[in-house]
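> Using the hints provided, position chain U relative to the given structure of chain R.
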Amino acid sequence: MSVKHAVLGLVIERPGYGYELIQRLEQRIEGWRPSETAVYPALRSLRAEGMIRAREATADGGVVSAHRGVVWYEATDVGREEFRAWVRSPTDLAPQRDPFWLKVAFASPEDLPWLVELARELEAACLERMAELGEQGGGVEDLRREEVEWQEIGQAWLRRTEAAQLAVRIEAVQQIRAAMKRAIQRHERRSGLVLAPPAAPDAR
Amino acid sequence: MTLLALERVSKSHWRGRHEIVVLDEVSLEIESGELVAIFGQRAAGKSTLLRIAAGIEQPDSGCVRFEGAELGAGRFRRLTGIHPRIGWVGRQAPFASGMRMLDHVALPLLRAVAADEAERSATRALKRVGVGDLANAHWHELSDAERTLVTVAHAIVRDPKLLLADDPTSGLGIEERETVLGLLRSIAEERGMAVLATVPEIPDALRSHRVMSLSDGELIQATRRAAGEVIAFPQRRDGRA
Chain R
3 MSVKHAVLGL
13 VIERPGYGYE
23 LIQRLEQRIE
33 GWRPSETAVY
43 PALRSLRAEG
53 MIRAREATAD
63 GGVVSAHRGV
73 VWYEATDVGR
83 EEFRAWVRSP
93 TDLAPQRDPF
103 WLKVAFASPE
113 DLPWLVELAR
123 ELEAACLERM
133 AELGEQGGGV
143 EDLRREEVEW
153 QEIGQAWLRR
163 TEAAQLAVRI
173 EAVQQIRAAM
183 KRAIQRHERR
193 SGLVLAPPAA
203 PDAR
Chain U
2 MTLLALERVS
12 KSHWRGRHEI
22 VVLDEVSLEI
32 ESGELVAIFG
42 QRAAGKSTLL
52 RIAAGIEQPD
62 SGCVRFEGAE
72 LGAGRFRRLT
82 GIHPRIGWVG
92 RQAPFASGMR
102 MLDHVALPLL
112 RAVAADEAER
122 SATRALKRVG
132 VGDLANAHWH
142 ELSDAERTLV
152 TVAHAIVRDP
162 KLLLADDPTS
172 GLGIEERETV
182 LGLLRSIAEE
192 RGMAVLATVP
202 EIPDALRSHR
212 VMSLSDGELI
222 QATRRAAGEV
232 IAFPQRRDGR
242 A
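Order-wise, the sequence lines are chains R and U.
Take 3 as the starting number for the first sequence in this note's numbering and just add one per residue.
Take 2 as the starting number for the second sequence in this note's numbering and just add one per residue.
Looking at chain R on its own, in the form it has when it is part of the complex:
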């Protein structure tokens, strides 16, 4: 993902300072799990490229005095143009980078009992994330209301898309888990070796 574009987008929405931008970023694209440490380099680089400029906060600049001395960033015209161009430009298909599937692809039969366990963990984590998304609302009906602004709709679809991707992941993980369990049985039948002791009763 491009933290830089996300940060630029936030600053265009309204000026902000480092810590505040991190918080807004987490709220807005929470599902991407943005790294806090990526925000400051992004701000430096955007500033060096002239997309944003810094101004010291002052009371008469419309900024409350509690924030005096904090560096505020606002978008420049160059930044606004660059962002608009980016929004309108085509995007490549994002690569599948979940290390779980890499492990599955390169695992040997002896690894499979561990990967079955990892599959359960991954599925549980997907379900938990799903529950978090559900708490944030954004049902289709709500979004069709006449008075809803596009911003809110776009924001909700970030969550809905993530939910759809989670759904696909859960189904795929369920299938691979079943396939791995069958492969373990087959391997044990052929080799006469037990790959791993049966799970402890409370392991689920």
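Now the stretches of chain U that chain R is said to cover, found in silico as 3 or more residues with beta-carbon under 8 Å: (1) 202-209; (2) 213-219.
Away from chain R, derived, C-beta distances all over 10 Å, residues of chain U: (3) Gly-17; (4) Thr-49; (5) Ala-70; (6) Asp-117; (7) Glu-118; (8) Glu-147.
None of these hints come from the bench; they were simulated from the model.
Ideal Cβ placement from N, Cα and C applies to all residues, glycine included.
Relative to the frame of chain R, chain U by itself:
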């Protein structure tokens, strides 16, 4: 307080000598006031799980506790097929095709209360699920979504403590699905009723308080993590070498 608990419930179906493990030591607990969704693909064993939770079907091993007491099969079967404080949302049509929906919904009450009181309760139940205008309609006139809502009304008219819903969203459009699950959630919250619903598609589970998934006999529940904690795979949970 835990209303329903399944404790290490196992169930197999046999096809000749071939054993199909439908539930493999499944445990779960549900509390009053929450909507819990269980996702499972076709033939994942969702309906079996619900029937066992209802006491309609017996597990091969493990036990089901409802309101703290073990739910034995057979006891209620001859009367109504199901525990009086458990409601069931399935896809069953009214038992007589000529019935008005008001009579259909009032039916579970007829032995317990006077006819006019049953009718008043049925009217309230139909209104609660948003189809108060269908009181005089007949089953064959209803859309799939309306049938689902009437079935919910039929299930809640006796004010059960636990509602079991067998794929209430199947066959419905995306907005209708949200309506049905949103309704189940608000009923759970306002009446302190526990609702256990199976769903054939995961996004349906978004409206629930908790999500679980059933596949290959295993019930997977969301891990509870502290806010902000990044997903990390723990090292061997059970300490196996």
